[in-house]
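The primary structure of each chain is shown beneath.
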Amino acid sequence: MLDMKGIARIYQTDLVRTHALRDLTLTVNEGDFTAVVGPSGSGKTTFLNIAGLLEDFDEGSYLLDGENVAGLNDRQRSKLRNEKIGFIFQGFNLIPDLNVFDNVDVPLRYRGFPAAERKRRIEEQLERFGLTGRIRHFPSQLSGGQQQRVAIARALAGDPRFLLADEPTGNLDSASASGVLDLLEGLHTSGTTIIMVTHDPALAARAPSSIHLQDGRVVGNDEAAA
Amino acid sequence: MIFYYLRLAAISLRRNWGQTTLMILAIGLGIGVCMSIVTINYLMAKDPIPDKSSQLYYVQLDNWDPNRPAESPNEPPDQITWMDHQALMSAAKAFRQTGNASATAIIRKPDDDNFRPFLARIRGNHADFFPMFDVPFLYGTGWTSDAHRDWGADQVVVLSRETNDRLFGGEDSVGREITLGNPTEFSSNLFRVIGVLDEWRPVPRFYDLTSNYFSDPAEIFIPFGLILSQGLSRSGNTNCWKPTGDGLRAFLGSECVWIQYWTELRNHQEKADYMAYLDQYVTEQKEGGRFPRPLNNRLSNVNEWLDHENVVQPEAKMLLAVAVMFLVVCLLNTIGLLLSKFLGKSSEIGVRRALGASRGSLMYQYLVETAMIGFGGGLLGLLLTWLGLESMLAIFGSDASNLMRLDLNMVVAAVALAIASAIGAGLYPTWRACRIDPAAQLKSQ
Amino acid sequence: MEIGPIFRALLRNRTGAILIAVQIAFTLTVVLNAAVMINEQVSKAGRPSGLNEADTFHMQSEAIDTINPQVTINNDLRAIRETPGVANALQMNTIPLSNGGWSTGVRVQQGDDPPVYSAAMYMVDDQAIDTMQLKLIAGENFAASDVVWRKPDESGWPGRVIITKALAKSLFPDDSPETTVGRAILLGESPANIIGIVDQLQAPWTQSSQIESSVMVPQQFQTGSPRYLIRAEPGQRDRLMPEIEAQLAERERGRMIRNLYSMDEVRRRSYNLETGLAMILGFVMVVLLLITGLGILGLASLSVRRRIKQIGIRRALGASTRDVLRYFLIENLLITSSGVVLGAIMAVAFNIALVNAMNFPKIEWYGVPLGMVVLVLLGQLAVWGPARQACGVSPATATRTV
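Residue numbers (my numbering), protein chains in the order written: chain E, 1 to 226; chain U, 1001 to 1445; chain C, 2001 to 2402.
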């Protein structure tokens, strides 16, 4: 369970004070597929970064799986991120120097699994997403859809509790995009908790529930009919 | 994890091989130039006899011209006269003492007409010379200090190992005979071998700094008195401040200095006692009209004496400063290249952070990569150091060959310096890389 | 294009710029000081000795079985002088440039406690001036009758001597050297008269500060190991060297001929340290410039790569390729200029430290600006490639989001 109460994030420069988030309160339960929707500048990305422990917040409290995140040091946050959270990005963010196998391997390395366990998990994930034949390919040799599938495989390899997706279809053509969405829906059906950030209401409509952000605040909560 | 990081480093270095080559080249060249010059400085300045250097004292007595010092501002001459040598040796006030001087002679084997005679460097010294300077023997011994032998009544020699190889093919030659001939006065005399030295080449040749002290030590050692009684040709420096008169007798009675005098004094008390003896001796001599200058005797231990004689040339010190600056430039270069390398990896750093890498583990990963560059640079630097020393040997000739040796200390130091410099150079870029805000990198793609 | 915006952009990205500037500063420090050192060493190693070195060589006979050295020496000299291709020959006690020899203190006879000058003593005969091709600028040469044999253990000096112009100037600072012929001097304690002045004949010690002070005395040294200095007719030297060696060995078996060297070789050996030092410093200098150039190139190409988008935007806003090129050249100029200014200060400080610590040459006044210009040009050259690369960026880059 992901539980945020009264979260505020303020960016301070010499001249300007910007509230990226103010008094954000939301809960995502086990097994949810929630879309976070809003226009540019509404605080979506800041929310995602805070939820994913990439960024700190200034006010409020954030419980991740019941653990209070505030006050953790870099090492503890990294460990939590590694164990509980999987990221999917708009730009895929595969490491160009590493092949598909090694890319999926990255989070498992930081987890400290033994070699056999890592190999089993990587092969399992790649098979699940139909990438077995691409195992030695480098990211530059793959199509956009394939790259995003590798990224999803990498995100899931460590069995995270939450999948955070940031405009996962933003860089894809419509065919690949719908393929990726089908995948996410399939994952949801099989029990994965997904939080998807997007500016596209049509995309958000595919998620069973959605949260609307504007100017750093929650402005609406949809429990869309399934 | 270390193997994972090593593998990642290898991948990263291979994928940017141009940059990698440039960095290894920069570090390697820096280390190579720096270590070549450091090696020479190190060998010049190295303590040639570390166990005893603080107990061996060089003696200087100021018998010079009343109107001007032997060396400005007020230095006594760097050698002593025959008369003072006689007096100091006979008094034997130190724990051990020896005068020594160099000569040349033509060496022949009396029982072998096919042997080609050669000109050898001879050192005349007293019995204490060998135990004082820890001279190692392969066969036989030196002569004993019983006064009769020490002044050279017996015509005995001690050969260096190389000379023994040349004369007797390296076999135990104790008891064999050779002749020493004067190159200018057509005399030659039979000498019996009583000892052969093992490998012994103190660098610098601290016991005689009056001529090229980076060349090899003497080839043959003989009792001091024989230099004169056998009429060998003296080859060291002789300095006089007033006319001597004609003939050997006049020369020996003159104020000309040509003998180097060493003492072994085991503690401060012995040193103080010996200094007092020297002052008393000179004061007595003053009554006889000698030593017109104010009392100015010196006792310098080995390192003080090396320093006094400027064994490390000022040019070498200048080269050292230049070499260090060279290394600094190479390191600044490496910092720049590493900075650009790691900052170019910002997005990878962002991804790794998102996937659970802590700052510490990234720091570790990149330091492993830097250390690998350092290791490559170290190996190249070692090769270049060796090449550098070889080419300096080619430039300076074999006189300097003792200075152009790469010993194990220097090999270890070169690699350690390379890795330390690379990691030193890598610290700032790595730190910068780990400070990168992952969120910004992930979005910007 | 104005410098202001470039400068302000630089300030926002300081690290790379500072690295290059400091690197350039150190490079300039090393290069300037190495250059003066090289210049000094090379000119020291190239100083004329006063001899005709090109045609001259020397050798030493270890006449170990000789009964009477005088006869052997006279026979040797006669035979050498008669050999076809030999211009002249001479027995000497030591050879110029060879770093070993005799010296004595020379002073004028009048006044009390006149200063003493250390001078090299050359024992020669009446053929010395011709053999070495010295220039006699005043007075006369020795007569054959002046020349006497000197015993090995003899001290003291003969009464007629020829000295060098430099020594004459030291002894008689108020008179022109040509007018000092006939003056009385003391060689050690031996009185002597100057009968001639030669323009130059260096002492054998190449490291001596009084290398131009020499005295020739009309004496032949009675020794079992005489040294001969031989001048060949032009072009004959290399043929004669082995020929005369063989001839001497043949004429008296059992002697050893040693130290057969041309004067060129003697000079090379004696100035080994100087030429070696110059070579090492030259190498260091060239490699350093190369490394600095490559460093600038590396960082510049990185900064171009990082700014692809920015360059695209500039192009889209109307910058021509020339403007882009100029941007990078000016940026580099700003960095190197600050580097060379810092470097000039460091170089002079290092130079002052060296001058104080040892006998080190000063940097000439024009050296500093010259070095600064060279390094600025090096920077411009190194940045040229990456800057050309920047010019190739298409304006369309600006509109792409990735």
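Everything labelled a hint here was simulated from the structure, so no lab data went into it.
Some clues are possibly wrong.
Heads up, simulated DSBU-like pairs for lysine-lysine below, C-alpha to C-alpha not over 30 Å straight-line [as the list claims (entries may be wrong)]: (1) Lys-1242/U to Lys-2169/C; (2) Lys-1109/U to Lys-1052/U; (3) Lys-1093/U to Lys-1109/U; (4) Lys-1286/U to Lys-1242/U; (5) Lys-119/E to Lys-5/E; (6) Lys-119/E to Lys-84/E; (7) Lys-1242/U to Lys-2151/C; (8) Lys-2169/C to Lys-1317/U; (9) Lys-2151/C to Lys-1317/U.
In silico negatives: residues of chain U with every beta carbon more than 10 Å from chain C [what the hints assert, rightly or not]: (10) Asp-1246; (11) Glu-1315; (12) Phe-1326; (13) Leu-1339.
Values in this document were obtained by computation on a predicted structure and should not be read as measured data.
Beta carbons are placed, not taken as given, at the ideal position from N, Cα and C, and that holds for glycine.
Honestly, which of those hints from before does the structure not fit?
-> 2, 3, 5, 8, 9, 10, 11, 12 and 13
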